[in-house]
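Going down the list, the protein sequences come from chains S and X.
Numbering of the first sequence is given in our numbering, commencing with residue 1 and proceeding in unit increments.
Numbering of the second sequence is given in our numbering, commencing with residue 1 and proceeding in unit increments.
Be a bit skeptical, because a hint or two may be false.
Some chain X residues judged to face chain S by a derived CB distance under 10 angstroms, without partners named [to be verified]:
#1 Pro-251
#2 Ile-252
#3 Pro-354
#4 Thr-356
#5 Gly-357
#6 Ile-358
#7 Ile-360
#8 Val-361
#9 His-374
#10 Ser-375
#11 Trp-376
Incomplete in silico selection of chain S near chain X, CB under 8 angstroms [claimed, not checked]:
#12 Phe-10
#13 Asp-11
#14 Pro-12
#15 Ile-122
#16 Pro-160
#17 Leu-161
#18 Ile-164
#19 Val-167
#20 Val-168
#21 Leu-171
#22 Val-174
#23 Trp-175
#24 Asn-178
#25 Phe-182
Don't read these hints as lab results, they were simulated from the structure.
We put the beta carbon where it would ideally sit given N, CA and C, even for glycine.
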Amino acid sequence: MDTGFLRVLFDPGRFFEARMQGEPGLKVPALIAIVIGLIGAASTIPMADITAAMLPAEMQGLGVVMMVISAAAAFIGGFLGWIIYSLIFYLVSMAFKGQGDLKRTVEFVGYGLLPQIFGGIIGTYFSYRLLSGLTVQPMTSPEQMVEFSESLVAVLTTDPLAQIAGVVTILFLVWSANIWIFGMKYARNLSTRNAVLTVGIPVGLYILYMLITLSGWL
Amino acid sequence: MKPLNTLIISLLCAVMMLAAPISAAPADIAVTSSSLDPQVLMRGDTGTLAVTIQNSGTESVAIRSARLYGSGVVPLSDSYLQVGALGAGNSRTFTFTVRADGDEGISYPVFVLEFRDGASSLRHPVPVQVENTPLSASVVKKPDAFTASRTADITVRVGNPRSNDVSGVQVIPQGSGFTVTPGSAFIGSLAPDASGTVAFNLTPTTETDVTFQVVWRNGINTHTADLVLPITFGEDKRQADPVITNVEVTPIAGGYRIVGDVMNAGLESARSVVISSGSPAMPIDPFRVYVVGTLDPDDISSFEVTFKADGTMAEIPVVVEYRDNDGNRYTTSTSVGLGGTTPAPHEKQGEGMPATGIAIVVVVLAVVIGAVYHSWRRK
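Just chain X, with the same shape it has in the complex (with noise of 0.2 angstroms):
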């Protein structure tokens, strides 16, 4: 071999030898995290799945694209196409946005990664978790009854039975027929399993549904769950109950007296109560009203209402007026019989007549006197 040949080949090896490092193989690259934010994804949601990977050889290695592929998890965002080398010991961040398409269930969208050598490709599948379980929400205190035009207090509690952090959770009542405050209650974030409570004061005017909306955020997706309350009139079984009792009817002049007993039979109190005899009895001087007050439960206090009643009439109302903690007016309606066995007095036989009479008495107390005074002054 001449000399000349024996050098160039020298050299190529000598080429070679010193090429070889500065293209590393593929291997050294590889995929050491991935992330999905949310953690989970709702059928629906669209998130970001990042890849890490990194050169963990002694050159750089170049890089061609980057790509994600799936089905049950679809890419939305453009692949990496430009992506360059990767020095050695150096690590890179793939970000792709992602929606879930697909069922519950975990999905694993596959990691592709060209490198320029043309020949070779690094595939990574990524798991994806997908779960549509909604958060919970639950009433767990309410009256026993609804009244109309009485607030009640609605307490509802949110539950998260996902696996992931949710945030932004918030109630809202929707729906019409009825008052509420406050319009809409915040929660916050809530942890897997972690609860929160809201309390909202309701007031019906009718027999309604009352929606409370939940709606919380799974990453950058807004969702929503709804908690149907029918709203059902009854009677409350702790109101206050003013019972009339121990009534005595007596006629007075140009009417009637009804002296009793008014007792509060209900477990709660009963505010502002009125006492009047109610239509077609019509309220006279001295007692047209008769006003209690304040009835706590089991308290008792007599009355005193004076009325005009026609002689034909065998039965008044005697209505009693009161109202519940919240301001709500109740009347409520005893009949109290006049048993036909009492006189009615003329309902003008009181009006101009005692003056009539008293201008009797003293022309009478004149003539007396002036009768007396005249026999014992001619004595």
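In isolation and in its complexed conformation, chain S is listed as follows (with noise of 0.2 angstroms):
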């Protein structure tokens, strides 16, 4: 059964290699980190109203500037994890000798960042039940803003919700490495273990810190 790009969730291998056989094409991978952009952007509402929140009445504009920025901030990080990935897979896979054009790689990478998605809308979901629960005062100087700022971090990192969308996150992790191993298997013809490689090392590593983060949470 043909479900279009998104049966590369289940079946990459086969996927891939039906892509091989046409031209690179960004435009599905592209729209991809174009909603994962979006959602990331979404994410970042709750925590713009608290600071927000935070500023006193005649800074309010000064609170939606700062909304738009980091909403801005968000929608490109989404294009910037695509192309930062993509970058990566592509010198590592260097060192195996691996052969593809950079834009079939990221392609590829593109395509397995659709789990990515998935944790952004979930990701949101738990950010959205973090922050909504906060209750803000106005403050009046920056060692107060100081101030709330490490007790929000303290907050944000003792709630075991926290915790749980970190693990998530890891998980969804895993399900776009599972992709990109059969991505950068084809794009980079490389041999399944060098594909492994590849992508699980950088990747590796990048869950091994997420690890270290959410043991020092706990």
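Both chains are given apart, each in its own frame, so use the hints to dock them into the complex.
In structure tokens, the structure reads:
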């Protein structure tokens, strides 16, 4: 059964094998990156609300500006993640004598970001749940804002919900890594072993970093 | 002169010569001693005055009556109206009940002895000392300040400035608004210039006056003297003083955590020290209360309490409860500022959500495992 690009989620091998028959196309991956960026921008809204609440009434305009900036940064972050993953995998695969266009790598890495859409939705839900319960009073000095920010970090890091969100993020990253393995295997003409190493080393290091951070929360 | 007349005259002379030694002269009777019990009377006291006479002659003396007259010290008992003869060399004591009606000083009631001859009598003033000085009482030990429901050690000293012994001395605390142990204290006899001390454990419940009533007996007469001790509450300079320092407020899921140090800055031990968050904050697990135990002077201990608070609260009280050595409970409260800079987590945030989150994790895990397994199986 051909379900389009969604087939990459459960059958990435055959999907990428079929994609290799055509020219590299970045429309769908770019669409995926846009969706991820939009979700990321939406996830910044609760934090932006809190930031605006901290500001005195006469500075509420600045809060709006900060909200727009943070949303834009999150949106761009979706594209940046796509590009950074692509470059890293491309470079690492060179160590395994990988052959193939960078554009193909970028295309396949973009498809591999598809699970991040689901992860982003769930993460945004957790973010809303975490931050919507906070009560914030307007602050009058920068020192108070700094103190509040430190306290907010303490709240977020000690909440079980934040730890659960971290675990969910890791799970979706594993899912993406699984897709990227098949993607790099075909995009860079690697053996399965070398494809696993190409993706596993950087993603593994990143997951290790996340686990260390999570264990610090615990 | 006829011989018969001469005989009669001779017989009469002989009879007179024989009769003369039988009726000794009253001058042979003398008061040899007198005693008063008690030795010194107070105004209004009743005592007994004993007067002893002795016949130092060689013949008995017929005594008609023995009486006592006086104004400052008046006799209460009847006079001796039928005394009879007092043999040669014998002595006799006459005892009168007297009452001191006069002022301080020495009174001289007159002891009067009337003889049978009807012509002579013996009058002897007897000195009787009257002194109104009461026993003196003073508080020699008490706390610097009294505190409600806190037991205080009170020591009362009773001295005897009188010139005679007193007996049955006891001290009885009287009044209301306090409890005291013992209810009365017995000292017993006090010699002149002697003193005795008694101790009481007094626990006031309200500000009041405690009257230490000193009761004693002077002979058979009971007297009292009051010593009033005002009980006013104040701060005990030695009492335990738990001070909270080094406080750090940390937001946690569902509330706040306060960690800090509590130090006893007082001079007495604080026992059973318990620290908790006070209203309007609501204690939550895991540290609803923190039991420190005993804090000796200058001791310090860390503590930790967790609580839930409304986000509008700028500060919450941290309550320290402790007891003194007598078990009296004290409470001090220290406000700890949340500063408005600490985010207040939603109070229902931590309830139920972890279960939902765990369910989400399980579902995601199952989907990811299924996807990975499916992708590699079809390879």
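Sort out which numbered hints this structure fails and list those numbers smallest first. none
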